[in-house]
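Enquirer: One letter stands for each residue in the lines below.
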Amino acid sequence: MFKSVLRTSSPLIRSSTLSIRSTIPSFTAKFSTSRVVFNSISHKVNQQSHLYKYLTEGPVSVKYTAEHEWLATFSDDTAFVGITKYASEALGDVTFVELPEIGDQVEVGDTIGSVESVKSASEIYSPIAGEVIAINENLESDPSLINSDPIGNGWIAQIKLANVEDVEASEELLTEEQYEASLEHE
Amino acid sequence: MLRTSINKRFYSSASETLLKTPLYDAHVQLGGKMVPYAGFEMPVLYKDQSHIESHNWVRSKVGLFDVSHMLQHTVIGKDSSKLLQKITPIDLSSLKPFQFSLSVLLNDKGGVIDDCIITKHDDNHYYVVTNAGCRAKDIAFIKKEASQFNDISHETFESTLLAIQGPKAQHVLQKFTNEDLSKIYFGNAKFVQLHNGQLIHLARSGYTGEDGFELSIPSTTPEDAKSAQDFFQTLINEYPDLVRPIGLAARDSLRLEAGMCLYGHELNEDITPIDASLAWLIPKSRRDDVNIRIKDGFNGASTILQQIKNKSTTSRRIGITSKGPSPRDNNKIFSEDGTTEIGYITSGSPSPTLGGNVAQAFIDKKFKIGSNVKIEIRGKKRDGVITKLPFVESNLYKP
Numbered sequence: 001m002f003k004s005v006l007r008t009s010s011p012l013i014r015s016s017t018l019s020i021r022s023t024i025p026s027f028t029a030k031f032s033t034s035r036v037v038f039n040s041i042s043h044k045v046n047q048q049s050h051l052y053k054y055l056t057e058g059p060v061s062v063k064y065t066a067e068h069e070w071l072a073t074f075s076d077d078t079a080f081v082g083i084t085k086y087a088s089e090a091l092g093d094v095t096f097v098e099l100p101e102i103g104d105q106v107e108v109g110d111t112i113g114s115v116e117s118v119k120s121a122s123e124i125y126s127p128i129a130g131e132v133i134a135i136n137e138n139l140e141s142d143p144s145l146i147n148s149d150p151i152g153n154g155w156i157a158q159i160k161l162a163n164v165e166d167v168e169a170s171e172e173l174l175t176e177e178q179y180e181a182s183l184e185h186e
Numbered sequence: 001m002l003r004t005s006i007n008k009r010f011y012s013s014a015s016e017t018l019l020k021t022p023l024y025d026a027h028v029q030l031g032g033k034m035v036p037y038a039g040f041e042m043p044v045l046y047k048d049q050s051h052i053e054s055h056n057w058v059r060s061k062v063g064l065f066d067v068s069h070m071l072q073h074t075v076i077g078k079d080s081s082k083l084l085q086k087i088t089p090i091d092l093s094s095l096k097p098f099q100f101s102l103s104v105l106l107n108d109k110g111g112v113i114d115d116c117i118i119t120k121h122d123d124n125h126y127y128v129v130t131n132a133g134c135r136a137k138d139i140a141f142i143k144k145e146a147s148q149f150n151d152i153s154h155e156t157f158e159s160t161l162l163a164i165q166g167p168k169a170q171h172v173l174q175k176f177t178n179e180d181l182s183k184i185y186f187g188n189a190k191f192v193q194l195h196n197g198q199l200i201h202l203a204r205s206g207y208t209g210e211d212g213f214e215l216s217i218p219s220t221t222p223e224d225a226k227s228a229q230d231f232f233q234t235l236i237n238e239y240p241d242l243v244r245p246i247g248l249a250a251r252d253s254l255r256l257e258a259g260m261c262l263y264g265h266e267l268n269e270d271i272t273p274i275d276a277s278l279a280w281l282i283p284k285s286r287r288d289d290v291n292i293r294i295k296d297g298f299n300g301a302s303t304i305l306q307q308i309k310n311k312s313t314t315s316r317r318i319g320i321t322s323k324g325p326s327p328r329d330n331n332k333i334f335s336e337d338g339t340t341e342i343g344y345i346t347s348g349s350p351s352p353t354l355g356g357n358v359a360q361a362f363i364d365k366k367f368k369i370g371s372n373v374k375i376e377i378r379g380k381k382r383d384g385v386i387t388k389l390p391f392v393e394s395n396l397y398k399p
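Same order as they appear, the protein sequences are chains E and P. Take 1 as the starting number for the first sequence in my numbering and just add one per residue. Take 1 as the starting number for the second sequence in my numbering and just add one per residue.
Simulated from the structure, these hints should not be mistaken for laboratory data. It is possible that some hints are incorrect.
[Stated by the list, open to error] In silico negatives: residues of chain P with every beta carbon more than 12 Å from chain E:
hint	residue
1	K82
2	S93
3	E155
4	H171
5	E179
6	N291
[Stated by the list, open to error] Dumping the calculated PhoX-like pairs for lysine-lysine here, alpha-carbon to alpha-carbon at most 25 Å:
hint	chain 1	residue 1	chain 2	residue 2
7	P	K78	P	K144
8	P	K20	P	K137
9	P	K47	E	K85
10	P	K20	E	K85
11	P	K82	P	K144
12	P	K309	P	K398
C-beta: ideal position from N, C-alpha, C; glycine also.
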């Protein structure tokens with residue numbers, strides 16, 4: 001998952017001259033993917049990526065919602081939002097992602113986009129209040145990033161938090177353990 | 001929050017005990033993702049194949065669909081033609097023995113109770129297949145209608161109903177029977193013996209737009225059920241590069257591309273076949289005013305024949321294509337300038353075959369094919385174009 005990839009980002013970067021296969025197993029746990037910090041040709045970190053700064057730094061916290069979103073908060077009081085592996089698998093082949101607009105002011109529960117597969121469309125609601133400061137435009141040309149790397153390159157929006165305290169105060173934001181427990185009741 | 005509004009037609013919330021088809025164990029063994037559907041536990045997808053992959057597989061190879069949840073009927077007796085010609089607008093005299101046709105069960109207002117396939121075995125013996133989701137109401141309806149006739153025996157039965165669909169369907173199925181399948185064209189049926197000894201009912205038909213067969217395989221005894229399941233598994237195991245089991249997800253996207261109706265979406269009890277642009281279901285021979293008379297006519301004939309005669313319908317069922325977010329059921333359709341509401345979507349999804357989105361819709365007749373329209377999706381009006389049906393031409397086996 002986002003968290004595990006981010007936390008282990010430095011060893012991944014250090015080992016970038018090694019073959020990917022030998023470095024992956026310890027990081028591929030349940031949700032993570034091999035693609036986050038490499039571009040596919042050189043296996044070097046894409047330093048132009050919007051994620052780069054955040055990948056090297058790592059999140060302050062990663063939370064989940066019962067409706068299968070993740071929220072990765074960073075030290076600059078911004079948070080990335082996306083959908084979990086569980087949700088992406090439930091949706092199947094993602095065919096279209098509708099993104100919010102940069103500058104959108106959102107409250108908890110506001111629509112910030114939608115993820116569509118052949119058989120269904122699911123709206124994404126913001127798990128936190130703030131301002132949308134970045135959107136993942138790669139999803140417009142390659143919506144399947146949501147399937148291949150939902151908790152990484154499949155991020156949907158970055159939100160400047162209205163109140164950073166909201167992340168810890170919210171009862172609707174779950175820890176990884178709480179989220180996993182919630183899946184058992186699905 | 002992600003509130004997954006996964007389509008109701010795949011995930012009906014059924015608290016009652018779900019029924020299993022004779023192929024249930026095979027689905028589980030094959031990694032089928034089972035979901036409640038019309039009171040049955042049915043596979044929506046199988047492991048290692050996504051919705052789009054399964055859809056494309058059927059368009060290029062052979063897909064096996066378990067459709068045993070659909071309801072099979074026999075209508076036997078001297079009055080069987082009379083009954084069927086009262087409850088549907090079909091002309092049974094136009095069918096030769098072992099030919100079949102699509103038709104619709106009609107209520108007194110001409111609304112569609114269900115769609116059905118009627119196969120004539122002889123003038124006093126018919127085989128009818130109706131939708132799983134309409135089981136209870138169809139049985140009640142046909143029983144009630146049959147009670148008005150003297151010489152009628154209407155019964156329903158369960159078996160393994162297996163659809164074998166795709167351009168290589170004949171190639172594969174021919175390996176399992178000595179019957180020359182190249183002589184059985186679309187619209188025809190036959191009792192055929194498989195190499196395993198089972199005598200099955202084979203119809204050259206389907207719901208994908210591709211060539212294919214629908215087999216009714218006896219499965220009421222444990223031996224027959226095992227033979228049916230073995231046959232299903234053998235098709236998959238012996239031809240892994242050609243044959244895959246395919247779930248309900250692709251069944252819906254395939255029929256949508258083929259421009260076919262799904263009951264509950266394009267058809268319901270308030271929609272006549274004329275409203276749904278299915279006038280071809282009322283053959284010329286049944287458009288005479290004599291059909292309005294209760295004694296000779298079909299249910300709802302006065303309404304339906306008036307609609308045909310006066311061309312009084314104001315909307316029609318037609319296609320929509322678009323890019324971006326997919327139109328879905330009940331999205332409103334507006335004129336290009338966005339001011340006038342002109343119709344609504346009945347089914348819509350991304351099209352794995354064509355790319356972009358395809359949808360069926362009921363739209364004001366004044367808006368012609370090629371016209372730009374707006375579709376309201378999640379509060380925003382998006383561009384769409386009125387397009388002829390089907391989106392993907394059917395590839396049926398005809399002489």
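Enquirer: Next step is simple, just say for each hint if it's right about the structure.
Expert: Now the hints, each set against the structure:
1. Residue placement check: K82 (chain P) keeps its beta carbon more than 12 Å from all beta carbons of chain E (closest about 42 Å).
2. A cut-off of 12 Å between C-beta atoms confirms that S93 (chain P) is not in contact with chain E; the least separation is 42 Å.
3. The Cβ of E155 (chain P) sits about 35 Å from the closest Cβ of chain E, beyond the 12 Å cut-off, so the non-interface label holds.
4. Every CB of chain E is more than 12 Å from the CB of H171 (chain P) (nearest about 27 Å), matching its label as outside the interface.
5. The claim that E179 (chain P) is not at the interface with chain E holds, since no C-beta of that chain comes within 12 Å of its own (minimum 36 Å).
6. Separation of N291 (chain P) from chain E is adequate, the least Cβ-Cβ distance of about 40 Å exceeding the 12 Å criterion.
7. Restraint check: the Cα-Cα separation between K78 (chain P) and K144 (chain P) comes to about 17 Å, which is no more than 25 Å; the hinted pair holds.
8. Restraint check for K20 (chain P) and K137 (chain P): satisfied, since their Cα atoms lie roughly 20 Å apart, inside the 25 Å limit.
9. Proximity of K47 (chain P) to K85 (chain E) is assessed by CA-CA distance (about 16 Å); at most 25 Å being required, the pair is judged to hold.
10. A distance of roughly 30 Å separates the Cα atoms of K20 (chain P) and K85 (chain E); the hinted pair therefore is violated under the 25 Å criterion.
11. Of the pairs offered as hints, the one joining K82 (chain P) and K144 (chain P) holds, with about 14 Å between alpha carbons and a cut-off of 25 Å not exceeded.
12. At roughly 32 Å between alpha-carbon atoms, K309 (chain P) and K398 (chain P) are farther apart than 25 Å, so this suggested pair is violated.
The structure shown violates the earlier hints numbered 10, 12.
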